[in-house]
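Using the sequences provided together with the hints, build the complete structure.
Going line by line, the protein sequences match chains W and X. Just so we're aligned, residue 1 is where the first sequence starts under this note's numbering, counting upward by one. Just so we're aligned, residue 149 is where the second sequence starts under this note's numbering, counting upward by one.
What the hints contain is simulated information worked out from the structure, not anything from laboratory work. No experiment lies behind these values; they were computed from the predicted model shown. Do not rely on the hints blindly, as some may be mistaken.
What the hints assert, rightly or not - Examples of chain W residues lying across from chain X (beta carbon under 10 Å, computed):
#1 G37
#2 A110
#3 V133
To be verified - DSSO-like mimics (lysine-lysine), calculated; alpha carbons at most 27 Å apart, straight line:
#4 X/K314 - X/K300
#5 X/K300 - X/K219
#6 X/K177 - X/K314
#7 X/K300 - X/K354
#8 X/K326 - X/K270
#9 X/K336 - W/K114
#10 W/K114 - X/K300
#11 W/K114 - X/K177
#12 X/K306 - X/K177
#13 W/K114 - X/K326
#14 X/K270 - X/K314
#15 X/K219 - X/K326
Think of the CB as a built atom: it goes at the ideal place given N, C-alpha and C, for glycine as much as any other residue.
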Amino acid sequence: MEMTMLILGWIGLYSPLALGAIGSMIGCLRGGMAACGAMLEVERGYGRFVGVAAMPSSQTIYGIVVTMTLPAALTPENSPGIFVLGVMCGIALTFSATAQGAACASAINASKSKPEVFGVSLAPAALIEGFAVFAFVFALVLAGRLPQ
Amino acid sequence: MYYDLVCSLPHLVHLERVRRLPITPQRLKERLRGLKPEHASKLNEAMMLLRWRPLSLSSTNDASWAESCEKFLNSCRIESLRSYVQYRITQQVLVAALRSKRDGLEWHDPPVFGGDLALEQKIRRRWNVSYFGLEYVYPWIPEVQTFLTEVKPLNLEKTLMNLNWKWLSNYAGAPTFKFDDVMAYVFKWDILRSWLAHDSERARIKFAEIANQVADVESTEQE
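Here it is as structure tokens:
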């Protein structure tokens with residue numbers, strides 16, 4: 001039982017980073033593919049497409065910070081909490097990164113034909129980032145309440 | 149998912165505002181190489197059936213077209229393509245029925261769709277009812293009938309093109325970067341190409357060619 005608890009604790013400890021990275025990979029893939037497609041159609045402004053495509057990478061950074069903030073010393077008392085906190089935060093980061101990738105792709109698609117909407121078209125991606133930040137901040141707050 | 153392909157296609161302006169094709173046929177063909185083989189082959193098949201201007205007039209009559217459509221619907225598992233083919237079949241059957249009625253003809257017997265299309269049965273049952281009693285289901289019927297009666301082919305074509313444009317825009321409204329977006333794009337592009345191809349001088353020459361072909365066929369039959 002104790003061993004099971006510790007295994008769950010390790011899963012929870014690494015989940016924010018692993019799941020965040022998986023989400024970032026998918027999100028950046030979506031944005032990157034859209035950027036590559038748009039580059040075939042425009043004559044300049046490639047850099048901003050690449051910048052937008054890289055937006056979902058922030059979830060990996062949040063994952064790293066959460067993983068580093070969770071208590072490194074695992075005990076049967078704190079492992080269940082670490083598991084729940086880590087996995088739930090990781091899931092939130094994964095979904096936000098994949099959704100943000102799709103939002104970035106839409107922004108690239110819109111601004112390719114109408115460059116003046118570039119800023120506004122990024123609003124949905126920024127909102128999604130906001131939700132990822134909520135998940136990140138409250139994971140940090142709750143990590144401080146876990147038994148050491 | 150076709151993120152790269154959808155983003156590589158230029159925006160299509162509505163046919164009432166378009167001045168030129170935003171992408172050439174050759175370049176579109178190149179971009180469509182990014183499709184999966186099964187998507188590419190089915191899109192190509194559907195395009196051959198539903199091209200706004202058929203490549204040749206001699207190859208298709210109602211029955212063979214209907215047969216090809218049924219064959220396609222039986223073999224295609226892509227929902228968006230099936231829906232669009234069914235939409236176009238419905239539209240073409242209704243326009244053909246309205247045209248036959250205007251010319252004082254009877255409706256096909258046996259039906260060209262082998263009786264499977266409930267619409268044909270409805271049309272036959274309500275042949276003497278105005279608009280076949282279908283004007284509430286298909287609100288565009290009265291407008292189309294007016295253009296048919298007043299012999300305004302350009303207005304008729306524009307109305308039908310607009311209907312197809314709206315259907316495709318509704319089906320693939322916000323980009324989902326799926327095959328549906330590509331399918332809608334290709335058919336809308338085909339509508340634009342046909343619209344931009346309107347040329348009264350070329351039409352006159354084409355009409356003369358067709359008239360000659362018909363005259364040749366008739367003289368051969370008489371011999």
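Structure versus earlier hints, numbers of those that do not hold, lowest first: When the structure is compared with the hints, numbers 3, 5, 8, 10 turn out to be violated.
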